[in-house]
Amino acid sequence: MKKLEKSPGIKAYNELEGSERLKQHNAFEDSDKLKQYNELKTAAVNDKEKNKEFKRLSNDSAIKSYFKLEKSKNLKLYHEVIGSHNLVRYKELKEHVNTDEFKKKVAYLKDRKKFEKSEAYKKYADYKKLAGDSVVSFVLKYEKSKLYKNYLDVKESFDLKRYNELKELIESEDYKKQKAWLEDKKRWEKTEDAQKFKKYETDKKKPEFVKYFKYKDSTDFDFYKNWGVVFEDSFMVKKLDDAKWMTSSLTTSKTLGQNYAMPGDLSVFTDGANIQTGSKLSIQVKKEIKEGMVWQMPAGFVQTDFEYTSGIISSGEHFQFEDGIVEAKIYFNPVKQVASSFYLANGSNVPRANLVEMGAKNILGLYTMNESGKIASEGLEINNLKKGAYIFTLEKSGATFTWKINELEVLKLTSNDLNKPLELNASSLVVDKLSGSSANFDVEWVKCYRKK
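In this text, residue positions in the sequence shown follow UniProt numbering: the first is 1, and each later residue adds one.
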């Protein structure tokens with residue numbers, strides 16, 4: 001308990017658990033002041049008044065106190081130790097050492113007169129008493145006689161001990177069984193080693209063993225020797241990893257600073273509200289009224305109401321994909337009114353390489369801008385693909401792009417416009433009114449490889 005109590009995590013727990021400081025910190029998380037601070041942090045970029053208010057709040061003692069603890073090592077250790085085995089063990093030990101039974105045991109072990117209170121001391125006292133008894137004195141005298149000495153010489157002799165050992169041995173069931181086994185000409189077939197050999201002969205014919213030895217020295221796994229993972233996410237955590245993803249496009253983050261829509265869009269991207277993780281990534285389209293910004297010429301960004309909300313994730317500020325392989329396990333379940341895409345781009349929506357797009361169009365390939373300013377599509381239609389999970393793969397080598405579905409090559413194209421670092425993007429966009437109230441775009445995992 002003392003050792004655990006000195007560990008950094010337990011120290012942080014004992015310092016913060018139930019403390020007024022932690023209570024105030026947790027209460028401040030839902031405060032209007034913190035919400036205002038976070039809102040101004042984004043809005044203050046292009047607004048002098050908001051920037052001035054943001055700087056004022058940045059010097060607020062409550063704000064400073066909140067972020068001081070929020071970024072502290074102690075709070076990090078506190079969160080790490082909550083629910084840990086060490087904390088559970090520490091509490092068990094603390095409860096144990098405070099029991100009356102434990103305290104009594106400690107008191108007993110520290111008592112210098114515990115021998116006088118022990119059973120051994122009582123036996124010693126009885127021995128002293130018996131030593132003066134007349135019967136005991138007679139026995140002690142008899143023990144010195146020649147007859148008794150002769151008896152003892154034989155009784156304790158090696159020959160008598162060995163005789164009794166051998167007699168007991170040859171009369172035992174184990175000896176009889178061992179004798180019979182040694183006289184048995186077929187004893188090998190009855191041994192444990194023989195059974196192990198038979199099991200070996202059986203096991204080596206099992207499909208999994210046959211397959212193992214087939215591939216043991218083969219080149220089938222050379223891919224993993226030559227390629228290394230440089231980016232991956234299995235979306236198992238219930239919160240989107242903000243060290244890997246942002247919930248807006250790279251273009252949006254560098255222009256307006258918030259998600260916006262284009263003319264004709266029926267939905268607007270929320271700031272992560274339509275993104276769910278936990279066992280997979282799920283981008284949800286919902287039928288709900290939401291106010292957002294739309295780009296309209298010549299007015300620019302105009303505020304309007306949208307019938308639907310959706311979501312987008314991008315690796316733009318965290319990871320740029322160069323030459324290598326991108327693969328993702330994606331559930332192919334197209335909804336005609338929703339364009340769901342997993343694509344690679346360089347800071348803009350077009351040009352881009354679609355790992356897969358489903359919905360109004362079910363395609364793999366490239367989107368480019370033609371001379372008349374319209375989006376041109378080049379690729380492969382996958383309308384005949386059955387609903388279900390597929391591993392979609394895109395390999396980039398300079399300006400050459402190669403697509404695979406479940407390891408089968410299906411398309412190869414070139415694009416000099418996309419021969420540059422590209423960010424990963426996934427989104428759903430409503431292009432027509434839904435028959436229902438929602439639709440999902442599900443991705444189980446994504447991995448990026450680069451040659452070692």
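Just so you know, the hints here were simulated from the structure itself, not pulled from any lab data. It should be emphasised that the depicted structure is a prediction, and the values quoted were computed from it without experimental measurement. There's no promise every hint is true.
Unchecked claim - Distance windows between CB atoms, simulated:
#	residue 1	residue 2	range
1	V229	E29	43 to 53 Å
2	G257	K33	17 to 27 Å
3	R112	Y151	23 to 33 Å
Said to hold, decoys possible - DSS-like mimics (lysine-lysine), calculated; alpha carbons at most 30 Å apart, straight line:
#	residue 1	residue 2
4	K205	K225
5	K113	K6
6	K244	K55
7	K433	K361
8	K225	K336
9	K447	K420
10	K216	K361
11	K190	K167
12	K3	K103
13	K244	K73
14	K64	K225
15	K433	K420
16	K254	K52
Built from N, CA and C at the ideal position, the CB exists for glycine as well.
In rising order, the numbers of the hints this structure does not comply with: 1, 3, 5, 8, 10, 14 and 15
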